[in-house]
Every structure is written in C-alpha cells, then in structure tokens.
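Colleague: Residues per chain, in single letters:
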Amino acid sequence: MADRAKLLTSPGVFGNFSTYKLRSDYYKLSAAERKGAAAEVMAVVEKHKANIIADAYLTRGFEAQSDYFLRVHSMDMAATQAFLVDFRATRFGMYSDVTENLVGITKALNYISKDKSPDLNSGLSSASYTGDAPRYAIMIPVKKDAAWWNRSDEERLKEMEVHTQPTLQYLVNVKRKLYHSTGLDDTDFITYFETNDLGAFNNLLISLAKVPENKHHVRWGSPTVLGTIQTFETVVKTLSMGN
Amino acid sequence: MADRAKLLTSPGVFGNFSTYKLRSDYYKLSAAERKGAAAEVMAVVEKHKANIIADAYLTRGFEAQSDYFLRVHSMDMAATQAFLVDFRATRFGMYSDVTENLVGITKALNYISKDKSPDLNSGLSSASYTGDAPRYAIMIPVKKDAAWWNRSDEERLKEMEVHTQPTLQYLVNVKRKLYHSTGLDDTDFITYFETNDLGAFNNLLISLAKVPENKHHVRWGSPTVLGTIQTFETVVKTLSMGN
Amino acid sequence: MADRAKLLTSPGVFGNFSTYKLRSDYYKLSAAERKGAAAEVMAVVEKHKANIIADAYLTRGFEAQSDYFLRVHSMDMAATQAFLVDFRATRFGMYSDVTENLVGITKALNYISKDKSPDLNSGLSSASYTGDAPRYAIMIPVKKDAAWWNRSDEERLKEMEVHTQPTLQYLVNVKRKLYHSTGLDDTDFITYFETNDLGAFNNLLISLAKVPENKHHVRWGSPTVLGTIQTFETVVKTLSMGN
Amino acid sequence: MADRAKLLTSPGVFGNFSTYKLRSDYYKLSAAERKGAAAEVMAVVEKHKANIIADAYLTRGFEAQSDYFLRVHSMDMAATQAFLVDFRATRFGMYSDVTENLVGITKALNYISKDKSPDLNSGLSSASYTGDAPRYAIMIPVKKDAAWWNRSDEERLKEMEVHTQPTLQYLVNVKRKLYHSTGLDDTDFITYFETNDLGAFNNLLISLAKVPENKHHVRWGSPTVLGTIQTFETVVKTLSMGN
Amino acid sequence: MADRAKLLTSPGVFGNFSTYKLRSDYYKLSAAERKGAAAEVMAVVEKHKANIIADAYLTRGFEAQSDYFLRVHSMDMAATQAFLVDFRATRFGMYSDVTENLVGITKALNYISKDKSPDLNSGLSSASYTGDAPRYAIMIPVKKDAAWWNRSDEERLKEMEVHTQPTLQYLVNVKRKLYHSTGLDDTDFITYFETNDLGAFNNLLISLAKVPENKHHVRWGSPTVLGTIQTFETVVKTLSMGN
Ligand code: HEM
Ligand code: HEM
Ligand code: HEM
Ligand code: HEM
Ligand code: HEM
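Line order of the protein sequences matches chains S, D, U, Z and E. Throughout the first sequence, residue numbering follows numbering that gives the first Met the number 0, covering 0 to 242 in sequence. Throughout the second sequence, residue numbering follows numbering that gives the first Met the number 0, covering 0 to 242 in sequence. Throughout the third sequence, residue numbering follows numbering that gives the first Met the number 0, covering 0 to 242 in sequence. Throughout the fourth sequence, residue numbering follows numbering that gives the first Met the number 0, covering 0 to 242 in sequence. Throughout the fifth sequence, residue numbering follows numbering that gives the first Met the number 0, covering 0 to 242 in sequence.
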C-alpha cells in the first residue's frame, strides 16, 4: 500500500489535480444505477492503492466549473494515469467531464531553507496547525512572469522572505503544500491549502496581495478551487442523489 | 430560523452568488412536470431555513449567460453548500447549468470607519434610501491590481475617500452591500446593489469610472449581472412557463 | 400602443440588444411545426405592444455567434423583460440560445450640445440621411479605459469634437443611435447604425480609428454585429425554412 | 452568371469568409442520406450563380475549429446572405456549425499605388505566380492598434513600403488578396493567400514578422485558417464519407 | 513505406499535432462495437503508410482538453490531410472531437549552426540521450513577440546562445524536436520532447524561464500537452475500455 505519510511529505512526489463536472445525463440514470456508483469507484481506488493515494473534495455550490476535484499522489506519473484511466472507465467517471487538470512535483525548499534563511526557516517549523480539523481545501495555480524568473537568486530569495514574513502567523489555522509545474502544464506552481477558517484564509491572501512578489503574478487562481474535504465515497454518494 | 436581519448586516457572514442557465431540455418536460418545480424548490428552502437565507433574481432578457441568479447567506459555508447541493438535486436544479459562482465574506469597514474617516462615515449613515421599493438588483465582481494592494494603508484610504465622496448622493436611490473574496475565488470583492432607478445607477457607475481608483481595476464586472428582484417561487414559476 | 417615434428619440428610454443562435434541433421539428413559429412570435409582440417596440435583424451568413438579433425599446426595463420572457416561451424562442445581451439607456447629448459645442451641434442637425432606405444594421459595443474617464470634462469634450468632425460627412448615408451602459452590463456604450452603404460605413469606422479617442478603447466591437433589417415575421420565417 | 474574373479583381466587391464544423450527429445519418448532400448543395450554388461565386476549402486535419471554410464574393452583401441562408437550409448546412464569419470589401491600393510608391508598384506588377497550381489556401485576419491608425498617412505609407519590400520575391509562389473589414466585423483586414509551397509561405510570414509594422498588430491570425483548395462538391463528398 | 528515420531527421518535413477528446457517447456504444475500434484505426494507418508516419500519445489523466494526441509526419501536407480525413471517418475518429491542431515544418538550424556558433553546435552533437527509454512526451507551442522578430540576426543569435547554454546538460535525459509554424497556424514554433524524467524536464523549463528570451514569449504552452508514449493501437484500446 502506498505510504500516505511519505507521499505527503517527500520531495520528488507527483501531485495531480483534476476538476470534474457531472454531465446532466447522469441524473437520467435510474436512482438504482447511481446507487452503485460509489462502490465501483471505491473498487478502483482499492485496485490502485499500492501505487497512489487519492483525495476527493466536493465543490458543487462553490464553483461553476466543477462539482468535485481529485488530488492524486504517486511516485510515478504513469501510475497516476493508470488510476485515472480506470476511474474514468467507471460509471461515475464516464458521466464526469474533466474541466481542469494540473500536474506538479514536490521539491525541497528553494529559498527558506536552513542555510539560506535560517530565521524564517525556524519560524516555519516552530508554528503548527492548532485549529479545528480543516473542513475546506483550496487549490490555487500560480504562474510568474519572465521578469521574476530573470531576477538573480538573491533578489528572488529576498522577495520570498517578504512573502513568508506575514504568512507565518497563519500556520496555526492554515495547512499548505506546494507543487512545481513549469513545463508540465500551463502554470509554474500548484498551491494547496486546508483550513477551517475561511475568513482567516481571506486575510492571508490579502496579506500576500500586498507584497511586491504579487506584481509578478500572471496567474493567481483562474481557477481558484474551493471545496469541502470529504471521503471519496461521500463525494460520489452526495453527487449521486436526486430523483 | 436564520435571522435575516442579522445575516444581512453582520460581519463574518458568508455570501454566495451563483448564476444559472436553464438547459433547453427543461422545456421538453411536460408542462405538468414543470408545474411541480416551484413547490419542490420551496421545500428545499424550507428544509434549510434554520441555516441559510436564499434570495432569487430573474435575469432572463437581461443576460446571455444566465436566466436567474441566487444569493445565499449563512454563518457557515458548509451550510450554504448543503443547501445548494439539495437545490441542484431538485428537478429545476438538475435542469440548470451553473454559469458563475462567487463566494465572499462580510467585514467591518476597512477605510471609511468612524476612526479613520469620520466625516465621510457620518455621511454614510446620515443618508438613507428613500426611493420606491427597488425592483432591480445588480451584482458586480471587482478585482484590483498588485499596484493597488502594494500601496500603503494611507494611500488606499485616500483613494477610498475619493471613491466615497461622489457616491454619497446615490444612497437615496441605491442600496449596497460588499463581500470580500480574495483567495476564496477569482475576484477580490463582490459588490451587490438594489435600485429602482437604473438611470441613476448608470450615473453612479460613471462617477466611479472617473476616480483614480478605477485605474487599478483588473476586473470590474465580467460579468455584471442585472436581474429583477423576485421571490424564489416566482422565479421558478416564470421560467417554467411555455408549451 | 407604445409611441415608436418617441421611444426612438427621447432620452431616458431603455434599449435592449440580444443576439440569438437557433439550436440545430429546431430543424428536427417538422416543417409544419416550424411554419407556426412566426404567428406565435407575432402574437407575443402584439401582446406587449403597449409597452415595448421590438425590431429584428437577420445575421445568419454574417455572424458566427448569431442567426438574428433583437432590439427592444421601452420606458421600463421590467416591461422589456416581460416581453423577452414571453418571447423565449414561444416555440421559436425555446429553440434559440441567447449569445449576447446588452442593455443601455438613452440620454441627452453630453458634449456636442448647443451650449458646449455650438458649431458641431449645428453640423449635426443640418445634415440628414439622403441615401436609399437602409438595408443593414450594425451594433457595436464600446468601452473606454480608466484614463479616459479620469480626464477632465474639457479634455473629453475636445476629444469628442475631434470624433465628431470627420463623421459629419457620413450623416447622409449612415443613421446612428447611442445608448449608455456603464454598470448595466460590461460595456460603456452600445452604438447602433443603419446604412445601405457598407463601403461608406467601413470608411467611417476607419476615420474614427484615426482619432486619438481610439487609444482609449478597451472594447470596440467584440462583437460587432451586422445584420439585415427585416420585419420580425420575416426573420422568423426565413430561419424556419429547410427540410 | 456572376463574372468570376471581375469579382476577383474589382474594388467594391464584398468577400465573406465563414468556417464550419460538422456536428457529430451528421454521421448518424445513413450513408445514403449523406450521399445526397453534395447534389443538394450544388443546387443551391447553381440557384445563386447569377449573384455570387462560392469557393470551398477543406480544413479537416489542419484546424481544430473547422472542417471546411467558404469564401463567397458578390457585389451586394444581401445576395451573399441569401446564398448562405439557403446553404444552411440544406442537409449538409444544417449539420454544420459556423465557427467564424468575417466580411470585408475590396478597395483600390491605399499605399503602394502608381502615384505614391511608383517603384514598388511596378515591382508588384512585374512579378507573377510561376509555381505549380496552388493546392493550399490560407486566411489570416489582421487588426492594427490605435497607435498605427493615429499615425500620419506618410508614416503609414513608409511602413507599408517596408512591408512590401521583402514580400515581392514571394509573388512567384504566393497569390494574395486583401479585404477591408473595419466596422463590418472585429478585424481590420482579411488577408487571403494561395500557394503550393507552404515552406515558402512560412518564410514569407517570418519576413513580415521582422518589419516594424508587426509591432502594431493586435490580431494576426486567431484564427489562421489553412485548407486545401477543392471544388465545393469534393469538400461536401469528402466530409460525407464514413460508415 | 515512409522512411521513419528520414522523416524524423530531415528539414522540409511537415509535422502535424492534433489533440482529441472522446465524446461521452462513445461509451454508449456496446463494448463489442468499441472492441473493433483499434483494428479499424490500424487499417487506416496501414493504408497510408507509404506517405505518413503517425505517433499516438495518451493524455487522459494529465490533460483537461484531451484524451490523446497524434503526431503525423509527411513530406506533403495533403498526404497528412488524407490520412487524418480517413482517421476521422473511423468509428473511433468519429467519436473524437479535435481540440487543438498545429502544423509546422522542420528546418536546418538557424542559429546554433557549425558556422555561426561552433562551440555550442559541437556541444549539441557531443551529448546524447542516455536515460531509460522515455515514457513521456510533451508538446509546447511557442510564439514570440514583434520586438523579438524585429531584433537583428546578431542579437537573436546571442539570445539563442544564452538559451542553449543551460539546456545542454539536459540532452542526456530529454530528446527534442523543433517545428516552425509562423503563418501556418497561430504559433511560431511547436516544440516536442520525450523524457523519462519529468523532474529533470521541470528543471529544464525553469532554466529557460530564467533567460532573457523568455521576456519575448507571448505563447509558451497554452496548451502544454503531456502524454505517455504508446502505440497507436494501445491508445485506442485503452480509451475503448469501460462498461
Ligand atoms: C500559511 C501560509 C503560508 C506560508 C507560511 C507560506 C510560506 C512559504 C514559503 C516558506 C515559501 C518558500 C518555499 C521555498 O523555500 O522553496 C513559499 C513559497 C510559495 N508560496 Fe507560500 N506560504 C503561505 C501561503 C501561500 C499562499 C496563500 C499562496 C498563494 C496562493 C502561496 C504561494 C506560494 C508560491 C507560489 C510559492 C513558490 C514561489 C516560488 O518558488 O517562486 N503561499 N511559501
Ligand atoms: C451608493 C453608492 C456607493 C457608496 C456610498 C459606496 C461607498 C463605499 C465605501 C464607504 C467603501 C469603503 C468601505 C470600507 O471602509 O471598507 C466602499 C468600498 C467599495 N466599494 Fe463602494 N460605494 C458605492 C457604490 C459602489 C459601486 C457602484 C461599486 C462598483 C461596482 C463599488 C465598489 C466598491 C468596492 C469594490 C469597495 C471595496 C474597495 C476596497 O476595499 O479596496 N462601490 N464603497
Ligand atoms: C455618422 C457618424 C457619426 C456621427 C455624426 C457621430 C457623432 C457623435 C457625437 C456628436 C457624439 C457626442 C454625443 C454627445 O454629445 O453626448 C458621439 C458620441 C459617441 N460616438 Fe459617435 N458619431 C458617429 C459614428 C460613430 C461610430 C461609427 C462609432 C463607433 C462605433 C461611434 C461611437 C460613439 C461613442 C461610443 C460615443 C460616446 C462617447 C462618449 O460619450 O465618451 N460614433 N458621436
Ligand atoms: C506575396 C506577398 C505579399 C505582398 C507582395 C504584399 C504586398 C502588399 C502591398 C503592396 C500592400 C499595400 C496595399 C495598398 O497599397 O493598399 C499590402 C497590404 C497589406 N498586407 Fe501584404 N503583401 C504580401 C503578403 C502579406 C501577408 C503574408 C500578410 C499577413 C498575413 C499581409 C498583410 C497585409 C495587410 C493586413 C495589408 C493592409 C495593411 C494596411 O492597409 O494597413 N501581406 N501588402
Ligand atoms: C535539451 C534541451 C534543449 C536544448 C539542448 C535546446 C537547444 C536549442 C537550440 C540549439 C536551438 C537553436 C536552433 C537553431 O539554431 O535554429 C533551440 C531553439 C529553440 N528552442 Fe530549445 N533547446 C532545448 C529545450 C527547449 C525547451 C524546453 C523549449 C521550450 C518549450 C525550447 C524552445 C525552443 C524554441 C521555441 C526554439 C526556436 C527559437 C527561435 O528560433 O527563435 N527549447 N533550442
């Protein structure tokens, strides 16, 4: 079985984010047919559990472009593809249209490492999440302009320190994870967050809007995807209701 | 039952705006089937009335991207989602395609508060709506550029005072409400207005086009959504007509 | 009955422009069913004739995004909505997808008035349309940037005089009408023209491309909609042909 | 019968370019039904031959947004519309979705005329197409920015001379035709080319990318449409194949 | 039979990239009907093997806009079209929607040739791919701005040398191929890569984000298409599974 803890903390892991919209004809299937959907999906998750972990989120009611989204981790993108191909071959998957798909890879810290920025690095590790179990997840793609990438390592380090400073205080109520995507799709980073306090999350983003790094964003969202954290089974069941 | 007055005036309330287009196959249902739609929808509203309030607006004839839009308030985004998931499971909801969905949170004043800008603050509270009951609602998303957010608090305060000055005179025929969205979706603000005088509303927007703040808008509309204020029941009934 | 002459010349009148594409399944109805379409539509026009006037234009063959467009005038946007809701409930309306919808209001002259610009104002009134009855109508949305709106009244007046100067000569073969839309939808103006000489119209637009005002356009078309002027009945009948 | 040679060389002629994608349900018609499509289309061409000429091009395999495109010339846009309305009422036309539609008018030379630029003008007329019969046609819409149009006649003439200089050598393997569209749709020019040498055509476009005029393009393609030159009948037959 | 080695290495060869999404109704065909799909497709490949070579890639699970993509090479674009027209007439092709189509031509080196840049040229030829057989292919369209094209040959050469320098080290784990597209579609270049190391590929792209050339990109991706390298048969079979 894939090691969840390791996949969620190691560098070199592939993260795959895909958003889906159920087609309207799904609801023309009989309620009975839709009832079997969750079991069929869970069998696919079971089949691939040695190679991938899959998280599911309900976005209906929050997003126009999706009803749910998936986050899949693996050490090998081909294993991720194998899982998603099988998922799309289930009844539920067949009635789902993919509306966005982003892939990235995790890495060791580039800037706020023990070596390059010791104080902020220790700030990062000294604070930890103390809020209620997060009920919400947010996925935000980020792409920076050529001017950013053409600056020196030192200049970029300095900017990232200014990025980190005001965000440290949110570590208590926001969990975060970063994926690198340049060349793997049309974004540079996929940022992923979990929180139970959407008001705090809004304040966090405003504090990052105010730092100079923000002048280099050519993509900051588009889409911003907000969902509730659910089991895969619940997501399928919730979206399979209706007469 | 959710406290309408409180939800519409307190900070920390979540506002959810979603626009919908009825699919053409809705009109292939028999007139009888469509007749039951309003009751089924109202039962869902009733079911969730302890947690949310829902307002509905008819946009058909004014908008290409929607036939109606909903504004839902609650103290908890998960409650809003639960309501909208149930709404989408009704016959009427199933035949509706979501075309836009924005979420925001209400806050205390950031700039034109008693402390920071006492004169304008009292101008805000001294005027009040005196026109006929508003028949129209307008929803306009607003996003500002990085240069705006990177200016100092003082500079932004000054600009917002210039924003407020020419708008005070419209308080007599325009009601307004502001939601903050940075990081919750791809806009910074959702602005909502009610009026019975669309000519005055056009003049109000022109006066805001003329202040320097306007140079910092990267999104001002897109979409601007104009609808008539209706009961939820009337919206469903009106859109369910036809042979 | 709505006073056509008054609605087409007074300030404070609402203009509503909507473009439509017939869905392909319309042509799966039997020819007999499509034959009745025009009468059903005309009955709706008749029903609302006290409150609105409706003009129809055939765009098929000229536009990718529409087959026809409607221009509706009234003193009250709710009356316009009532008409369009009924129109969409006809067989023909049900099989039409709205692809664009713009609303505006007419106003007295802002710049080239008797007071502010007497010479050009008299130029406007001294020339009049002398060509053949126009067979073509063109609708062009226009939106100006924040820099334009932030200029002083005098500066904008000066620019509008430069706009007017080269266009006066086209009054003999182009009829025009202006609607103001800021805040009512995502454009500042809807411009509407009728002509029988599309070559002259092309020259007119080139002459306006050459004035400095053009540097402030963020929307100039998108879409530019060109249609032939037809009776509403003919539009419906023409589009209802086919086996 | 419309005079093909005259329509293809005179000023004041209307050119209409429309691109189409066949809907997938066309292939659900029986092969027999599809077999009759070409004859039905050719009958429409025959019916309108006094007023228009129609050329057809196969783009399937080259373009995502179209399977074929049409170029229609006439002295009167209403005649073009009449033809296209009838074409769309054929079986083949009914199963086609229009994906782009541009209209323009031909004019005498604005810049490289005998008077204004005698040397280049004689260069234009001294070279002529000597390659194999062209098998490919390319349609490229072009729109220029306000800065271009605001420059003086002399400055624009100078730039167009720089445009013409490097292109003269391609007259031997590229045929060209220019249509003016400002105000008739959302482009300023429609450029149309025929060639048998796509490598040379690529080099031609690179040479135009290198002249200063290119800095003023706000649209240069979008879409660039490449097709093979075919008879109308062959286009319909080729796209009607399949089981 | 088309000479694969020659087509993949010579200048003057046409490359055609097309991405496809299977329509949902494909899965409404019986499993038996879908079973025959691969054989029918392979028969078309066989029929055209004298003129074209066709490579297929599975993108499902990585891309929202496609399930697979094709790369077709030939000496003659008309031969490529003939193949793709036949492919689209198969059952599998009929149920596929084309979502992107780019065409280009291969050329001799423009900059890093033996003459103009001898050192880097020998760097290019001295390194070669030593990794595991690549399992992934990436296609990235690139378009440069007018400022780039207006620079002198020397300046562009210098920039391309700066492009080449940091990329040489990736020759051991990334294979590459370049196609020129200006005027053939809405991009200047189609870049194609094969690798087994997506982490290295991400680093390669970051190193190119950091060179000044990047400031001249108006298109760098959009879409970036990532797929697994498969036989054509496997792609069809994999996508034909499901109950
Ligand atoms: C609890 C809140 C946050 C903290 C403590 C935080 C901290 C950090 C740190 C330390 C880094 C540097 C990583 C490295 O050294 O390689 C970083 C990078 C980054 N963060 Fe944040 N961050 C937070 C929230 C956010 C948010 C809300 C966003 C935007 C959606 C964001 C976007 C990014 C991006 C795109 C990078 C990579 C930038 C680059 O490498 O150029 N972060 N963050
Ligand atoms: C009756 C007319 C209006 C009045 C009296 C008014 C007044 C105000 C005031 C006092 C604020 C500051 C709130 C604070 O202190 O945090 C504000 C903020 C704002 N207003 Fe208006 N406003 C009006 C109309 C509009 C309109 C028509 C729009 C645009 C659609 C608009 C967009 C905004 C936005 C986006 C903000 C938040 C700006 C920021 O925090 O950066 N307002 N308005
Ligand atoms: C017969 C040709 C035309 C004439 C005589 C003409 C004349 C005028 C005049 C006198 C005004 C000022 C109205 C006022 O004082 O409030 C005006 C405004 C305007 N015109 Fe034209 N015009 C012509 C054609 C066009 C065309 C072809 C367009 C573009 C599609 C256009 C776009 C506008 C716009 C958007 C305004 C409002 C500008 C503003 O208030 O900032 N006009 N025109
Ligand atoms: C054989 C190759 C070509 C030759 C000889 C050529 C020559 C010319 C000439 C002489 C003019 C000036 C017409 C006048 O005096 O009004 C012109 C205009 C123009 N050409 Fe080309 N051209 C060639 C290819 C192209 C290509 C490949 C494009 C771009 C797709 C292009 C786009 C245009 C446009 C848009 C104009 C009108 C510009 C304006 O009026 O501002 N031409 N061309
Ligand atoms: C192994 C890695 C790479 C190497 C060794 C490499 C090397 C080169 C060389 C030598 C050239 C010049 C060709 C000539 O002389 O005409 C070139 C051109 C080019 N490369 Fe790369 N490259 C690599 C990766 C990439 C990547 C990842 C991209 C972007 C997706 C890219 C985009 C381009 C483009 C667009 C050109 C044509 C530029 C122009 O002609 O203006 N290359 N590359």
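By construction, these hints were calculated from the structure, which means they are not laboratory data. Among the clues, some could well be false.
Same chains, same label: a pair holds when it works inside one copy or across any pair of copies.
[As the list claims (entries may be wrong)] Derived DSSO-like pairs: lysine-lysine, alpha-carbon spacing no greater than 30 Å straight-line:
{"#": "1", "residue 1": "K157", "residue 2": "K113"}
{"#": "2", "residue 1": "K236", "residue 2": "K209"}
{"#": "3", "residue 1": "K113", "residue 2": "K46"}
{"#": "4", "residue 1": "K5", "residue 2": "K46"}
{"#": "5", "residue 1": "K34", "residue 2": "K174"}
{"#": "6", "residue 1": "K113", "residue 2": "K176"}
{"#": "7", "residue 1": "K157", "residue 2": "K27"}
{"#": "8", "residue 1": "K174", "residue 2": "K113"}
{"#": "9", "residue 1": "K174", "residue 2": "K48"}
On a predicted model such as this, the values are computed, not experimentally measured, just so you know.
Colleague: Any hints this thing doesn't respect? Which numbers, in order?
Modeller: Numbers 2, 3, 5, 7 - these are the hints that the structure violates, sorted from lowest upward.
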